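Asker: The lines below spell out each chain.
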Amino acid sequence: MSIQVKNINKRFSTFQALDDISLDFPTGKLVALLGPSGCGKTTLLRIIAGLETADSGQILLEGVDTSNLHVRERQIGFMFQHYALFQHMTVFENVAFGLRVKPKNERPAEVAIHQRVTELLELVQLGSLAKRYPSQLSGGQRQRIALARALAVNPRVLLLDEPFGALDAKVRKELRRWLRQLHDELHITSIFVTHDQEEALEVADEIVLMNKGKVEQIGSPLEVFRHPATPFAFNFLGTANRFEGKWVSDGVQVSNELLPLPPTQSAHANLVVGGEVIAFARPHDLQIETNVEASQGVRAKISRILAFGPTARVELSHATQAETYYEVDVPTLIVASLNLQEGQAVRLRPSQLQVFSAG
Amino acid sequence: MSGMVGGIQAYRGSEVYELSPATREPQWARLTILGLSLLFFAIFLLMPLLAVFVEALRKGWEVYWQAITNPDTGAAIRLTLLAAAIAIPLNVVFGVAAAWCISKFEFRGKQLLITLIDLPFSVSPVVAGLVYVLVFGAHGWLGEWLSEHNIKIIFAVPGIVLATIFVTFPFVARELIPLMQAQGTDAEEAAVSLGASGWQTFWRVTLPSIKWGLLYGVILCNARAMGEFGAVSVVSGHLRGQTTTLPLHVEILYNEYQFAAAFAVASLLALLALVTLGIKLFIEWRSA
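Those sequence lines, one after another, are chains A and B. Under our numbering, the residues of the first sequence are numbered 1 to 359, in order. Under our numbering, the residues of the second sequence are numbered 1001 to 1288, in order.
Bear in mind the hints are in silico, worked out from the structure with no lab data behind them. It should be emphasised that the depicted structure is a prediction, and the values quoted were computed from it without experimental measurement. Warning: the hint list may mix true and false statements.
[Said to hold, decoys possible] Restraint-style ranges between C-beta atoms, simulated for each label pair:
#	chain 1	residue 1	chain 2	residue 2	range
1	A	Arg132	B	Leu1239	26 to 34 Å
2	B	Gly1230	A	Ser67	51 to 59 Å
3	A	Ser56	B	Thr1023	53 to 61 Å
4	A	Gly238	B	Phe1105	53 to 61 Å
5	B	Phe1282	A	Gly238	56 to 64 Å
6	A	Pro103	B	Glu1284	37 to 45 Å
7	A	Glu110	B	Ile1151	48 to 56 Å
8	B	Pro1178	A	Pro103	30 to 38 Å
[As the list claims (entries may be wrong)] Using 30 Å as the maximum straight-line C-alpha spacing, the simulated BS3-like pairs for lysine-lysine come out as follows:
#	chain 1	residue 1	chain 2	residue 2
9	A	Lys131	A	Lys29
10	A	Lys212	B	Lys1104
11	B	Lys1104	B	Lys1211
12	A	Lys170	A	Lys131
13	A	Lys6	A	Lys212
14	A	Lys131	B	Lys1211
15	A	Lys104	B	Lys1110
16	B	Lys1211	A	Lys102
17	A	Lys301	A	Lys246
18	B	Lys1104	A	Lys104
19	B	Lys1211	B	Lys1059
20	B	Lys1104	A	Lys102
C-beta: ideal position from N, C-alpha, C; glycine also.
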């Protein structure tokens, strides 16, 4: 089922949580609402579910306005950040809850309930835990039970609030893959909220990047990662080296040094020569040049080399402004062949540079 | 560093605390503190409790038995039970409703409501009784209307029930509010999103999660309802066999110099307190 969000506004006393948000969630896709904490992503999710009301705007489910539709009539499966399992019920009863509270004429027979719950527990691979209580389960197991419980009522939409937030790193990774597979099997329109860009990039079909109650960018993970539309997007999706300066025809003038635009790249149309700009380069898109006398590139000093794997991380600070830091990923072999040393003066040149006009 | 942490975790936390000389006070300090608290406990708690039973049985089992099977005592027991039986269910309904409102919803005047619930705790029970006399008494605001319609509240059973409800008002709500606030609204929201109605959510999700807290509140409420003296004394009129509860009956007997009988009836109240404590312990153990 499709979800449309139209001009949603929400204010908590003086804080504008959502500022005129309009979005289209296509049928059958797994979409990530990604953003830093306080960006309004959870509020938006709760408004779609009906657990919170917007000050103005509309939520359409399959084209139908839901303004007067109660939460329990929306047929939305909602998974809470801390799962909100019913502590006094067994796993089986937790999953069966949605079926048992149906009005008498819609409620399935006991046999049918039993069959459905068993099916769902098999789906989340926890069939053996039916008689346990939530407090006897691990975090990952609780999360899967919460998902089974939400799926029991055949929701038209699945909403997940920070589904992996409360888990440790290893379980998190496993469950991400599992959730992705589950979605590929069920094809139920799903939205999940996360502040973890890696999680969003890995799991989602589409990413909605939010900041301060506004949508910054919408696109596939690849699109959003490769072509961040705003400085915020660039900074949020992975590590970024930031350069401030003036735009000249062939690069960015950073104080008295030139950060050249790579020859493979053409300049953005909306940049004005002489205008203030902010440029970003990912750590693997910067190259270290040992010839300090070269005419181009930002001068920097190597402060640390971390060479643990095939890729070494080189930390540098600007040659004259010591509190400006850079990070460069270089193949460990190149570190050796260039004979890079801590304390050495070098120049940095980008092989890929994203330039935004400032302000 | 990691080795050290592993070593500490090998012990249970409390054992380490008790075994380690670094966290222990010198012997004399421990004995003094322990001795003082035991002495205090013996003089102020154990001795009076013992005295009740000793005094009650001073003139033998026969006098004791007579005192507690006396028809006036029987009437006092029945009235006490009646007052508690009416006050407790009402306070449970009110307490749960108030706690539900306060902990699960945001509304204006919430703080005022919490303060009002505490009123019976902060006001003297005598004042509470007096308020009812001023409203329902013969010369009170509604006195004339009540006597015209032949309704008796003050110096009658309804007054005693009203006074009991008033003084036991906060127990259930006070017990539940912090508990329900700590539990938050996640489980309720989950229930509603799964299609449960408000009524189903309350019976199937909220009530089971607060049942031990509720029972604890009921126990405290019951203890107070049966033991209340001040407020009930003001509205009772002390009509023997008609408007005396157990505590009032004890006072009457004592004032008539029937010490053994007074203590015999008092021992019933003391037994009741002990039973209450026993149930309370059990609940604490079950809910832990």
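Asker: Now tell me, hint by hint, if it's right for this structure.
Answerer: Evaluated hints:
{"no.": "1", "hint": "A:Arg132 - B:Leu1239: 26 to 34 Å", "result": "violated, 60 Å"}
{"no.": "2", "hint": "B:Gly1230 - A:Ser67: 51 to 59 Å", "result": "holds, 55 Å"}
{"no.": "3", "hint": "A:Ser56 - B:Thr1023: 53 to 61 Å", "result": "holds, 60 Å"}
{"no.": "4", "hint": "A:Gly238 - B:Phe1105: 53 to 61 Å", "result": "violated, 42 Å"}
{"no.": "5", "hint": "B:Phe1282 - A:Gly238: 56 to 64 Å", "result": "holds, 58 Å"}
{"no.": "6", "hint": "A:Pro103 - B:Glu1284: 37 to 45 Å", "result": "holds, 39 Å"}
{"no.": "7", "hint": "A:Glu110 - B:Ile1151: 48 to 56 Å", "result": "holds, 53 Å"}
{"no.": "8", "hint": "B:Pro1178 - A:Pro103: 30 to 38 Å", "result": "holds, 35 Å"}
{"no.": "9", "hint": "A:Lys131 - A:Lys29", "result": "violated, 34 Å"}
{"no.": "10", "hint": "A:Lys212 - B:Lys1104", "result": "holds, 28 Å"}
{"no.": "11", "hint": "B:Lys1104 - B:Lys1211", "result": "holds, 17 Å"}
{"no.": "12", "hint": "A:Lys170 - A:Lys131", "result": "holds, 26 Å"}
{"no.": "13", "hint": "A:Lys6 - A:Lys212", "result": "holds, 18 Å"}
{"no.": "14", "hint": "A:Lys131 - B:Lys1211", "result": "holds, 22 Å"}
{"no.": "15", "hint": "A:Lys104 - B:Lys1110", "result": "violated, 37 Å"}
{"no.": "16", "hint": "B:Lys1211 - A:Lys102", "result": "holds, 24 Å"}
{"no.": "17", "hint": "A:Lys301 - A:Lys246", "result": "holds, 23 Å"}
{"no.": "18", "hint": "B:Lys1104 - A:Lys104", "result": "holds, 28 Å"}
{"no.": "19", "hint": "B:Lys1211 - B:Lys1059", "result": "violated, 45 Å"}
{"no.": "20", "hint": "B:Lys1104 - A:Lys102", "result": "holds, 23 Å"}
The structure shown violates the earlier hints numbered 1, 4, 9, 15, 19.
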